[in-house]
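These protein sequence lines are chains A and B, in that order.
Our numbering numbers the first residue of the first sequence as 1 and each following residue consecutively.
Our numbering numbers the first residue of the second sequence as 1 and each following residue consecutively.
Because the hints were derived from the structure by calculation, they are not lab data.
Any given hint could be a false lead.
Since copy identity is lost for identical chains, a pair holds within one copy or between any two.
[What the hints assert, rightly or not] Each computed PhoX-like pair below joins lysine-lysine, with the alpha-carbon atoms no more than 20 angstroms apart: (1) 190 x 74; (2) 169 x 44; (3) 247 x 276.
There are 2 protein chains.
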Amino acid sequence: MDTALTIALDAMGGDRAPGIVVEGASLVRQRSPNVRFILFGDEKQLRPLVAKDPQLLEHTEIRHTSEVVTNDMKPSMALRNARQSSMRLAINAVQEGEAAGIVSAGNTGALMAMAKFVLKTLTGIDRPAIATFLPSMRGDVVMLDLGANLECNASHLVQFAVMGNIFAKTVLGLPEPVVGLLNVGEEELKGHEDLREAASILREGGLPIKFCGFIEGNDILEGAVDVAVTDGFTGNVALKATEGVSKFYTQVLAEAFRSSLLSRLSYLLARPTLRKVRQRVDPRRYNGAMMLGLNGVVVKSHGGTDALGFANAIGVAIDMVTFGFNDKIIRDFGSLDAGNMSRPKAAAPA
Amino acid sequence: MDTALTIALDAMGGDRAPGIVVEGASLVRQRSPNVRFILFGDEKQLRPLVAKDPQLLEHTEIRHTSEVVTNDMKPSMALRNARQSSMRLAINAVQEGEAAGIVSAGNTGALMAMAKFVLKTLTGIDRPAIATFLPSMRGDVVMLDLGANLECNASHLVQFAVMGNIFAKTVLGLPEPVVGLLNVGEEELKGHEDLREAASILREGGLPIKFCGFIEGNDILEGAVDVAVTDGFTGNVALKATEGVSKFYTQVLAEAFRSSLLSRLSYLLARPTLRKVRQRVDPRRYNGAMMLGLNGVVVKSHGGTDALGFANAIGVAIDMVTFGFNDKIIRDFGSLDAGNMSRPKAAAPA
């Protein structure tokens with residue numbers, strides 16, 4: 001099994017762990033027979049779950065851990081005290097070269113803190129960012145940062161743009177992704193100073209990026225760009241607002257179709273159509289937040305997802321490994337003149 | 001006509017002015033027969049439009065203006081150079097007591113700059129904020145700021161919370177609105193320092209506000225609060241992201257119902273139900289952004305709205321006047337100990 005690709009799984013992270021983690025792994029094995037897993041977690045719980053799928057059992061190694069990173073654990077505490085946890089040991093497996101990537105549905109802050117500590121950032125990257133896909137009117141959009149960095153300067157935003165651009169090229173396969181910077185208006189003079197500076201670097205810095213300038217909140221799902229770049233505070237609020245609107249629509253539609261006899265009848269006929277809509281916006285399809293800029297592939301699954309959603313998160317990790325996302329980052333950042341990534345500082349007096 | 005309520009209208013602002021402004025005024029007259037208007041704009045265009053509705057003609061005064069504030073005009077330029085514009089003269093009418101409020105679908109930045117300059121802020125308010133209603137799973141939500149203040153300190157956020165609270169009480173008629181502060185997590189330690197300080201003032205400052213703490217982006221449309229408070233940058237992005245998702249859903253539904261013969265058939269039956277959904281989320285129902293904290297009622301209509309949307313924006317202005325929103329602000333801010341609104345500063349050395 002030399003060509004096998006190994007993924008480390010934190011089997012204890014998430015609201016429905018370890019059940020959906022094992023089921024998700026099982027789903028992945030069905031479509032990607034050359035993937036194998038190292039499962040970190042409570043062996044007593046894991047072994048009977050894995051045993052249900054003989055195929056999975058054959059290609060999975062279970063490593064017993066007794067510690068768990070809980071959702072209310074602070075990142076600093078998790079880093080200090082949870083060194084034998086399923087999450088930490090799964091990350092270690094990537095650092096030690098046993099696994100090509102790690103997927104966890106656990107505590108996001110702890111995962112980022114541990115991954116940064118254990119794996120370190122790639123050369124040229126000051127701060128890793130969290131990215132995700134979203135559906136849009138014209139194909140998928142990559143958005144970053146989603147909460148790893150609440151305050152970002154111009155140079156961080158430019159680094160996010162470069163990483164998002166490479167992600168869209170390698171993983172989404174877009175030849176020339178359009179990159180936009182989230183702001184409160186499209187005019188050059190809008191927004192914070194850091195945003196304006198980042199825009200001017202992206203516009204004039206000679207980076208190999210198709211930068212379209214500032215975009216607004218509505219442009220994300222309207223598909224104006226392939227990569228939407230923002231600070232972690234704004235990105236987190238925008239992403240969650242998007243989730244809230246989706247839930248709202250789902251509920252409003254359900255209520256309307258339950259509101260009268262005629263609407264109940266019409267639902268029967270409209271069901272296949274509505275199912276198509278649900279599939280297109282299915283949050284499970286978009287499950288998997290990528291921690292970009294780390295020296296290793298790290299994917300965070302939504303804590304409340306099911307097996308299908310977790311399988312998609314594993315799929316994202318496999319894609320990042322297969323398409324050599326990190327190698328591409330190292331190559332591209334290496335060839336970039338560091339001066340391109342930030343404004344020239346005033347020379348020190350001789 | 002002593003009990004008449006007069007609203008000044010900037011008849012030249014917005015993409016479809018002056019047509020939809022006059023038609024909107026006409027719609028308002030049908031439901032509120034004691035409202036009269038002063039229309040500021042090009043008399044030659046306005047007179048024949050108003051003449052179509054004899055009722056409106058009788059209760060409308062047209063004031064000719066030849067200048068127009070365009071959408072690409074910078075606020076500072078508009079303030080300096082557009083002193084004879086329809087927008088400016090309509091605002092002046094409020095300042096001079098001729099009108100109880102003003103509605104414009106024109107340039108937001110210019111409207112805010114002129115309104116601040118002409119009307120001034122209410123005592124106790126450092127910065128006016130832009131607020132709007134949004135639908136949610138449990139009734140309407142007020143969100144502010146939406147872009148008037150890109151960077152806000154703790155005291156600004158607290159003032160927005162107080163204004164939003166009064167708005168929800170007076171205009172929405174809620175006896176005890178629940179107020180939340182938008183953040184990237186619900187835990188007390190999340191987010192910027194200014195946010196945490198604002199939360200601690202709202203929690204412990206003894207203000208007459210039912211403060212529920214931090215909320216996240218999804219909580220807005222899920223109806224966790226009646227008032228969502230945030231800085232203008234985040235609020236603007238969140239609002240526009242919400243608009244983008246709504247457009248996206250509308251298009252995805254339309255595409256799905258056009259995708260096959262069965263789905264086209266089912267659409268015929270489901271149409272009344274889908275119409276109900278559209279009505280519930282109709283952006284025209286939620287048209288009208290309120291500029292709160294000014295010494296006068298100022299409402300901004302969406303630039304691309306139609307007559308019904310513009311009529312709703314006028315309706316919001318009428319409600320603010322009728323329910324005495326500004327009087328209530330003056331009263332409440334007057335009775336608040338200024339110390340409640342900000343952290344006690346270290347006493348100066350004696």
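We went through each hint and held it up to the structure:
When the C-alpha separation of residue 190 and residue 74 is checked against a cutoff of 20 angstroms, the pair qualifies only between copies, where the shortest distance is 11 angstroms, while the shortest distance within a copy is 36 angstroms. For the homomeric pair residue 169 and residue 44, neither the shortest alpha-carbon distance inside one copy (42 angstroms) nor that between copies (56 angstroms) is at most 20 angstroms. In this assembly of identical chains, residue 247 and residue 276 lie within 20 angstroms of each other by CA distance both inside one copy and across copies; the values are 16 angstroms within and 17 angstroms between.
Violated hints amount to a single one, hint 2; each of the other numbered hints is respected by the structure.
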